[in-house]
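**Q** Now for the letters of each chain:
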Amino acid sequence: MDPAGIISGIRLPRVLTAFCVGGSLAIAGAAMQALFRNPMADPYILGTSSGGALGAAMAVVFFGGLGMPLFAWAGAVLAILIVWSIAGRQGIIPVETLLLTGIAVSFFFSAIVSFLIAIAGENVHQIIFWLMGGLWNVSGTDALLTAAVLVPVSFILFFMGRDLNALSLGEETAAHLGIDAIRARWVVLGSSTLVTAVAVSVAGSIGFIGLVTPHIVRIILGPDNRIVIPGAVLLGGIILVWSDTLARTFFSDLPVGIITAFIGAPFFLWLIRQRGVNT
Amino acid sequence: MTRDTLHALGMSAGYGTTDIIEQISCSFSPGTFTGIIGPNGSGKTTLLRALSRALPCSGLLTLNDKPVSAYTAAELGMVLGFVPQDEERPFSYSVMQVVLMARYLRTSRFAALSPADYERSRTALRQTGTADLENRSIKTLSGGEWQRVLIARALAQDTRVLLLDEPTSHLDLGHQSEILTLLRHLSDEGSTIIAVFHDLNLAALFCDRLILIRNGRVAGDGTPAQVLTPQTIREAYGADVVTARHPATGRTYLMPMTGTDRTTNERLSEGIHVICGGGTGSDLLHFLARRAFSLSTGILATNDSDHSAATALDIPCIALPPFTPMSEETLDELATALSRASHVIITHHPIGTGNLPVIRALEGIDPKKIILHLPEGTNIASCDFTGGVAARILEEALVAGARCAPTFTEILVHISKKIHDKPEEL
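Chains as they are written, first to last, in the working numbering: chain A, 1 to 279; chain B, 280 to 705.
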């Protein structure tokens, strides 16, 4: 392949996908943290990653790895639907119930994934690599798919920035401030789980970005979600592009999740020391 | 029904399947400051949250003749504001950012907040004395500062109906009265203010109307004077209180009574008659009542604060209407009480021609029964307004064996001595 073909056919889609996946995870993380009023929330909190992992593992074990992204996406969506149907049974539910349901479903799915790893035999490394997350086989279609979901979700969440601000002080507070809290909750949950599911199906469960990027944005730009949301998209995208470049260039294409955590965590610790923990 | 009236009919609400409040019917009109009171766990906050639609309720709840359930979130937010007692602070917003949240519903999500929104928020911060906190992170605020910021946010929301859950629970004395004066002012200007109160005296001082909630039901509804009676308080709170009209504010206030030891002590069961007036006796009556003495007092005018104390303590009191001369009948009653009592204590109270007959009655009893309470810095002459007549009677009693006591403790010492002990030689 000529150099121009490598850039346009392989590198460019990979960089674009990395940006969109990083942006997706970070924006979903920011939205979840506001909604759950919990700075420790991440995009995987409702079982998205364990659902995706289950789908991917099943594809590996039963179909020799064929259609892994599709299976991963189906698994992620399945996990969310299960959480919603269990937690949403009584109509209006406290977000805490949603959170606990997500954790329980995650553990259940993880148990099945562990079981599949145990019986996967020689294909086990495929599952392990998927679990760590990476962007080895992305194509132009992946770049288009992730962008097609991220762009509208970014606009929706940006224009819901004030609702997120109010929701982050409590749903009852938001309601008293004239915000349709229940509707806002479902819009936020729906759009952020959608971007997460797509990101997971394309790149596996890349850790760290969704949890920490919103904090970095808040430390630098303040906690107003009208700023945190676009900031998270940009910074999440940039972090994953650079992490993926590092992984590809210096570490013979290690799973990028290792890089994000390995480089990102010390950097985050340094930032906390510099600026204080009040995010 | 008038505008801005919040009206509840047969409203029940609670958590899960348990109703905390049941069948509550009440109406709130503009220009009234209503206090919701009641013991812990009675359903005050539940009622407030149900009124604000934060808690689903059964029954009918209308605002301006329209069911509250028919309002959109934004419509309701325009007319009804709510101040929680406290609120989580997971992120470090600035004070200004939090107050500006009240302006969201008046701004399109596609537009920026206007300078007018900032101006309104600043005014609200000034009204609650938090203007200097504008740029502070909410995580660094004290409980009282945060509570005032939450009140500022509700003010910036510009609603005609304002619901507050114990708005002064974290505030010091100065800020308590500042915030409540502000709320009083808002209600005078036509707002409907409904607040849960823990402190009954503050509620009585500032509210036009009190609703007493007990076991999830309305146990009293009316002016503070109507609702705050020793009976209703005993029933609702299980506490003994005395109520009175405060001389300076003209408002009802109440004081808890210290636990009375009702077990009578044989040695202390002898009767004591207290002659007092003008508030000089109430402390002593409480002091002696706590020690389970069998007491009587009088003659007192019914508007005398000592009379109120005696009534509150259930002490038999020979009373007569204000500014009426003492009748033969009343004086006979006094003479009986004095002869039956083992001790007669006379407080340092002003003696004029009106109450001179009471002092004269002392001439008919054993002077050894008499104890004169003369606190430090007073003497017999300083309570005499009869040109020496009363003073002469009292001095003669002292010579004949009556005793002086500058403190309550010394009164106790004299009482505990056998009546016919010889007074100590000086």
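Derived by calculation from the structure, the hints in this document are not laboratory data.
Possibly wrong hints are sitting among the right ones.
[To be verified] Below, in silico cross-link-like pairs of lysine to any residue (SDA-like), each with a Cα-Cα straight-line distance of 25 angstroms or less:
no., chain 1, residue 1, chain 2, residue 2
1, B, K345, A, D180
2, B, K647, B, S621
3, B, K418, A, W270
4, B, K418, A, R226
5, B, K418, A, I227
6, B, K418, A, I220
7, B, K345, A, I182
8, B, K647, B, S695
9, B, K418, A, G222
10, B, K418, A, P39
11, B, K418, A, R273
12, B, K696, B, E675
13, B, K345, B, S304
14, B, K418, A, S110
15, B, K418, A, G161
16, B, K418, A, N137
17, B, K418, A, E96
18, B, K418, A, V15
19, B, K418, A, I219
[To be verified] To give an idea of the interface, some chain A residues facing chain B are shown, with a C-beta separation under 10 angstroms as derived from the structure:
no., residue
20, A4
21, P39
22, I103
23, H176
Where a beta carbon is used, it is the ideal one built from N, C-alpha and C, also for glycine.
**Q** Give a verdict on every hint.
**A** A quick look at each hint next to the structure:
{"no.": "1", "hint": "K345(B) <-> D180(A)", "verdict": "holds (19 angstroms)"}
{"no.": "2", "hint": "K647(B) <-> S621(B)", "verdict": "holds (10 angstroms)"}
{"no.": "3", "hint": "K418(B) <-> W270(A)", "verdict": "holds (22 angstroms)"}
{"no.": "4", "hint": "K418(B) <-> R226(A)", "verdict": "holds (20 angstroms)"}
{"no.": "5", "hint": "K418(B) <-> I227(A)", "verdict": "holds (20 angstroms)"}
{"no.": "6", "hint": "K418(B) <-> I220(A)", "verdict": "holds (17 angstroms)"}
{"no.": "7", "hint": "K345(B) <-> I182(A)", "verdict": "holds (22 angstroms)"}
{"no.": "8", "hint": "K647(B) <-> S695(B)", "verdict": "holds (13 angstroms)"}
{"no.": "9", "hint": "K418(B) <-> G222(A)", "verdict": "holds (13 angstroms)"}
{"no.": "10", "hint": "K418(B) <-> P39(A)", "verdict": "holds (14 angstroms)"}
{"no.": "11", "hint": "K418(B) <-> R273(A)", "verdict": "holds (18 angstroms)"}
{"no.": "12", "hint": "K696(B) <-> E675(B)", "verdict": "holds (22 angstroms)"}
{"no.": "13", "hint": "K345(B) <-> S304(B)", "verdict": "holds (16 angstroms)"}
{"no.": "14", "hint": "K418(B) <-> S110(A)", "verdict": "violated (37 angstroms)"}
{"no.": "15", "hint": "K418(B) <-> G161(A)", "verdict": "holds (20 angstroms)"}
{"no.": "16", "hint": "K418(B) <-> N137(A)", "verdict": "violated (45 angstroms)"}
{"no.": "17", "hint": "K418(B) <-> E96(A)", "verdict": "holds (22 angstroms)"}
{"no.": "18", "hint": "K418(B) <-> V15(A)", "verdict": "violated (39 angstroms)"}
{"no.": "19", "hint": "K418(B) <-> I219(A)", "verdict": "holds (14 angstroms)"}
{"no.": "20", "hint": "A4", "verdict": "violated (42 angstroms)"}
{"no.": "21", "hint": "P39", "verdict": "holds (6 angstroms)"}
{"no.": "22", "hint": "I103", "verdict": "violated (19 angstroms)"}
{"no.": "23", "hint": "H176", "verdict": "holds (4 angstroms)"}
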